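K.L.:
Using the sequences provided together with the hints, build the complete structure.
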Amino acid sequence: MVRGSLNTCFQEKQEECGVVAVYSKKGRNVAPLLYKALFALQHRGQDAAGFAVFDRGKLDVRKGMGLVSEIFRPEDVSIPGSLGIGHTRYPTIGECRMCDVQPSVFDNIAVAHNGHVANYKDLKKELEADYRFLSTVDSEPLVYLMDSEDTIEEGVKKTMETVEGAFSDVSICKGKLVVFRDRFALRPLVWGEDEDFICFASETVALDINNIPYRGDVRGGELVSIENGKLQRKQLVPEKTRHCMFEYVYFSRPDSTINGLSVHEARSRLGKALAEEAPAEADVIVPVPDTSRTAASAYSRALGIPYDEGLMKNRYIGRTFIMPSQEKRKEAVRVKLNPVREIVAGKRVVLVDDSIVRGTTLKEIVALTRGAGAGEVHLRITCPPVRAPCFYGVDMSTYSELIAHKKSVDEIREYLGADSLHYISLEGLKKALGGLPLCTGCLTEEYHTEYVKKLAEKEKM
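In my numbering, the protein residues as written are 7 to 467.
Simulated from the structure, these hints should not be mistaken for laboratory data.
Please note that the accuracy of each hint is not assured.
Stated by the list, open to error - So the derived label-pair ranges between C-beta atoms look like this:
hint : residue 1 : residue 2 : range
1    : Gly63     : Glu160    : 19 to 25 Å
2    : Lys32     : Arg307    : 43 to 49 Å
3    : Gln241    : Glu134    : 30 to 36 Å
Unchecked claim - The calculated DSS-like cross-link candidates involving lysine-lysine, where the alpha carbons are at most 27 Å apart (straight line), are:
hint : residue 1 : residue 2
4    : Lys319    : Lys42
5    : Lys240    : Lys32
6    : Lys31     : Lys180
7    : Lys278    : Lys240
8    : Lys412    : Lys436
9    : Lys413    : Lys459
10   : Lys127    : Lys369
11   : Lys466    : Lys369
12   : Lys236    : Lys164
13   : Lys466    : Lys131
14   : Lys236    : Lys31
15   : Lys278    : Lys236
16   : Lys164    : Lys182
Owing to the predicted nature of the structure, the values given are computational and were not obtained by experimental measurement.
Cβ coordinates follow ideal geometry from the N, Cα and C atoms, glycine included.
P.N.:
Have a look at this one:
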């Protein structure tokens, strides 16, 4: 028997998104807070956004494609309801359709999801006897698993025990706020509280914009629920923490704190460690905007070499790493960045970047810098070589697209056209991130679940 179906399909695979949930203890409307939080999380997804608010037994969903500022009207932000969730969608390979935009609604459940379900095909085959799948997207089975048990708690526990991959989810289930995180706590999920509001979000910037103090993080394997003003926390499965190192290297805003560690502090440590491991004789340190600024500044201070903004960014162009194809990423670079000739011409320039995934973007940036008259171009990277796919939510799904899987460091340097290239060491990365337990599968191929290890082996074939 078919028990139900989604009336909006979920997001595509291999993406990074932003989620937020707000509950008012005094019955105030939360839509304005959700709206501001989505602005703060815009960097985590520029493809689409939406929010759902619960009021008088009904869900009111507002969403669309594009930036937050383009989607919502004043009447959307003024809808009533003291409980709500929101989502910003990360651009992925393929076309974005309205069915990809979250929150997604199934009967009386609304869900905003950040993560990736690695065993989607297995779960779909198992659940098809009871549920009619309307899409091929990987987060649809999470809702069905939540719905498959007698209680929400039992459904979330089953989800945690069954799903392989990463998930930090906020949901409205029958008027109750339900928040949970996979046992490895791969994707960030923070929370804050003041005298009126309780807020959960991917990053603390979503709390800051609403002036809600940060209180901590949802633990891996933990369920947090709020109903009738009462907050309950319960550890459903044992925590086995493996935070995604890419959150600190690239994804999160530097003014955020996640998993108890300031992203700004982490990036400062990365820059300092890189200076210790790979100093350079140069005239100027130039960050590759925007995520490398903090590390480049720390690298500059450690070596006593001037720091300057030698690359200017067009603020109206999105991230090239998350453009849908390598060719489009390459074309976007010259629209996105322009060198400042007065800063780089005739100089020995060190470009500090956060990571190299495919290499297409950085190759163009090196060429731009040389074209502006740089005498030498040296590269320093705050992440070790990305050699293997990610199966937990980052858009790096195959070995073939990763330049470090195919080439040595010197071969990469030659391809990029740089005079020198140095990556931070794995030990330096771990130390800079304060000894947090990390997922480094994309760096070492040491994945933390047997299922994903088998997927990686299959991908090599």
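K.L.:
All the hints need checking, so say for each whether the structure fits it.
P.N.:
Comparing the hints with the structure gives:
Taking 19 to 25 Å as the suggested C-beta distance range, the pair Gly63 and Glu160 conforms, at roughly 23 Å. Evaluation of the 43 to 49 Å hint for Lys32 and Arg307 yields a pass: the beta carbon distance comes to about 46 Å. Distance hint check: the CB atoms of Gln241 and Glu134 are about 31 Å apart, consistent with the given range 30 to 36 Å. For the hint linking Lys319 to Lys42, the alpha-carbon distance of about 24 Å falls within 27 Å, and the restraint holds.
Of the supplied pair hints, the one linking Lys240 and Lys32 holds, its CA atoms being roughly 24 Å apart against a limit of 27 Å. Restraint check for Lys31 and Lys180: the C-alpha separation of about 17 Å stays at or below 27 Å, so the hint holds. For the proposed pair Lys278 and Lys240, the alpha carbon gap of about 39 Å is over 27 Å, so the pair is violated. With a C-alpha separation of about 24 Å, the suggested pairing of Lys412 with Lys436 holds against the 27 Å cut-off.
For the hint pairing Lys413 with Lys459, the CA-to-CA distance comes to about 22 Å; that is within 27 Å, so the pair holds. Restraint check: the Cα-Cα separation between Lys127 and Lys369 comes to about 37 Å, which exceeds 27 Å; the hinted pair is violated. Under the criterion of a C-alpha separation no larger than 27 Å, the hint pairing Lys466 with Lys369 is consistent with the structure, at around 26 Å. Between the alpha carbons of Lys236 and Lys164 the distance comes to roughly 24 Å, so the proposed pair stays at or under 27 Å and holds.
The hinted pair formed by Lys466 and Lys131 meets the criterion: a straight-line CA distance of about 24 Å does not exceed 27 Å. Using a Cα cut-off of 27 Å, the hinted pair Lys236 and Lys31 holds, with the two alpha carbons roughly 9 Å apart. For the hint pairing Lys278 with Lys236, the CA-to-CA distance comes to about 45 Å; that exceeds 27 Å, so the pair is violated. In summary, the hint linking Lys164 to Lys182 is supported, as the alpha carbons are separated by about 19 Å, within the 27 Å threshold.
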